[in-house]
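2 protein chains.
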Amino acid sequence: MDLAGIRRLLEPGPIVLVSSHWQNHHNISTMGWHCVMEFTPSLIGCMITSANHSYNMIEKSGECVINIPTADMLDTIVGIGNTSGKRVNKFKKYGLTPGEAQTVSAPVIEECYAHFECRVADRRMLAKYNFFILEVTHARCALWPRFPKTVHYRGEGIFMESGRNIARPEKFRPQNL
Amino acid sequence: MDLAGIRRLLEPGPIVLVSSHWQNHHNISTMGWHCVMEFTPSLIGCMITSANHSYNMIEKSGECVINIPTADMLDTIVGIGNTSGKRVNKFKKYGLTPGEAQTVSAPVIEECYAHFECRVADRRMLAKYNFFILEVTHARCALWPRFPKTVHYRGEGIFMESGRNIARPEKFRPQNL
Numbered sequence: 001m002d003l004a005g006i007r008r009l010l011e012p013g014p015i016v017l018v019s020s021h022w023q024n025h026h027n028i029s030t031m032g033w034h035c036v037m038e039f040t041p042s043l044i045g046c047m048i049t050s051a052n053h054s055y056n057m058i059e060k061s062g063e064c065v066i067n068i069p070t071a072d073m074l075d076t077i078v079g080i081g082n083t084s085g086k087r088v089n090k091f092k093k094y095g096l097t098p099g100e101a102q103t104v105s106a107p108v109i110e111e112c113y114a115h116f117e118c119r120v121a122d123r124r125m126l127a128k129y130n131f132f133i134l135e136v137t138h139a140r141c142a143l144w145p146r147f148p149k150t151v152h153y154r155g156e157g158i159f160m161e162s163g164r165n166i167a168r169p170e171k172f173r174p175q176n177l
Numbered sequence: 001m002d003l004a005g006i007r008r009l010l011e012p013g014p015i016v017l018v019s020s021h022w023q024n025h026h027n028i029s030t031m032g033w034h035c036v037m038e039f040t041p042s043l044i045g046c047m048i049t050s051a052n053h054s055y056n057m058i059e060k061s062g063e064c065v066i067n068i069p070t071a072d073m074l075d076t077i078v079g080i081g082n083t084s085g086k087r088v089n090k091f092k093k094y095g096l097t098p099g100e101a102q103t104v105s106a107p108v109i110e111e112c113y114a115h116f117e118c119r120v121a122d123r124r125m126l127a128k129y130n131f132f133i134l135e136v137t138h139a140r141c142a143l144w145p146r147f148p149k150t151v152h153y154r155g156e157g158i159f160m161e162s163g164r165n166i167a168r169p170e171k172f173r174p175q176n177l
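Protein chains in written order, with my numbering: chain C, 1 to 177; chain L, 1 to 177.
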C-alpha cells in the first residue's frame, strides 16, 4: 500500500489499536486522538497519555504499529481500552494474533483491516503534550472491502459506526483530490 | 458547552470549517487533519498547509473558529475546499452568515452545528509541520440533535457520512468514560 494512501483509512477518524514491543513484551492500546500530518514523508500525530503502559514502550523502542480494527471488533476495542498491559497479555486475553511487521519490532494485529508500521520521528511534543509524531515506514491493508466499517469514539462509552459513502470528485480541482 | 466536551464532536473525525479574520477580511477553509490533544486546557492540534490563505490569517491573528458542519452542507464543504479566499469572499459565495464570537475576532459560521473559538497556543510545530496547537476558549453547539450527521473525508473526492451509534458504557471503567 502506498504510504501517502493511509489518509483514506485514517483521515475519517476511526478508533485505532496501537501495538508495541519492548523487552520481550507486546502490548496494545486503544487510541482516538490522532491525525494525518503529511503525505510525504507519511506522518501521523497522536496523543497517548503517559500513564499508559504503551507510552513508555513506544517512547523507549521508538516504534509502534497503528492497526485499523473493523466494527465487528468493537467489544475487543473496548476491552483493550479498559485493561492495563502492565498486568495482562492483551493478545492472549482477546484472542488476537501477533504477526511479524516488515520494518519494526512491534507486532501487527493480524485480525485488523490495515497495519501502518511507524517509527517515532519527532519527540519535541512529548514532554508537554504526550504527542508523538510518527513516520509510517510500511503500510498494508486488506484488499476487500475497499471501505471497511470502522468505529469512531464520541466519549461517554458511545461509538459511531461509519456510514454510507458519498462521492463528489467532479466538484474538486484535480490538485485537491 | 463544557470546553472538555468538544471531544464528543471532534474525536469521531469530521471534516470541519475553519473561519478566520485578519485586517477586515473573513475567510473559511475546509480541514480534515485535526485531533483532540487535551481535555483541560482544551487543546486541538491541526495541520493547515501554508499555501492556504487561512494559514497566514490564523498565524497573524493568532485566532480562529473551528465550526462543525452537518451532512446537508456537503456541497458547501466541497466548494469551500476548492476555492481560494485570496480572491473570493466565501461567506458571500456560499450564502453563509458570519456571527460574532465571544472571545475571538474570527467569525462563527451560523449555519454550522457547533463553534469552537480558539487561540493559537503553541507555534513550535508551525515551521516544520504547519501544525497549529489551538486552545479552545469558548464552545457552543446546537441543543438538538445530540448527534448530528457529520461528513468525514476519505480522499479522492469521497466522503463518509456518520452512521448509527452503539453504546457500551457498561463495559468501561468509570475513569475511562
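No wet-lab data here; the hints were simulated from the structure. Hints should not be assumed to be uniformly reliable.
Copies of the same chain look alike in the list, so a pair counts if it fits in one copy or across any two.
With a straight-line Cα cutoff of 20 Å, these simulated PhoX-like cross-link-like pairs (lysine-lysine) come out [as the list claims (entries may be wrong)]: (1) K60 / K128; (2) K93 / K60; (3) K149 / K92; (4) K128 / K86; (5) K60 / K86; (6) K60 / K171; (7) K128 / K92.
Each hint tested on the structure:
1. K60 / K128: within (17 Å within a copy, 24 Å between copies)
2. K93 / K60: neither (24 Å within a copy, 51 Å between copies)
3. K149 / K92: This pair counts as neither: shortest intra-copy Cα distance 25 Å, inter-copy 37 Å.
4. K128 / K86: The answer is neither: 24 Å in one copy and 35 Å across copies each exceed 20 Å.
5. K60 / K86: within (15 Å within a copy, 46 Å between copies)
6. K60 / K171: neither (46 Å within a copy, 31 Å between copies)
7. K128 / K92: neither (34 Å within a copy, 41 Å between copies)
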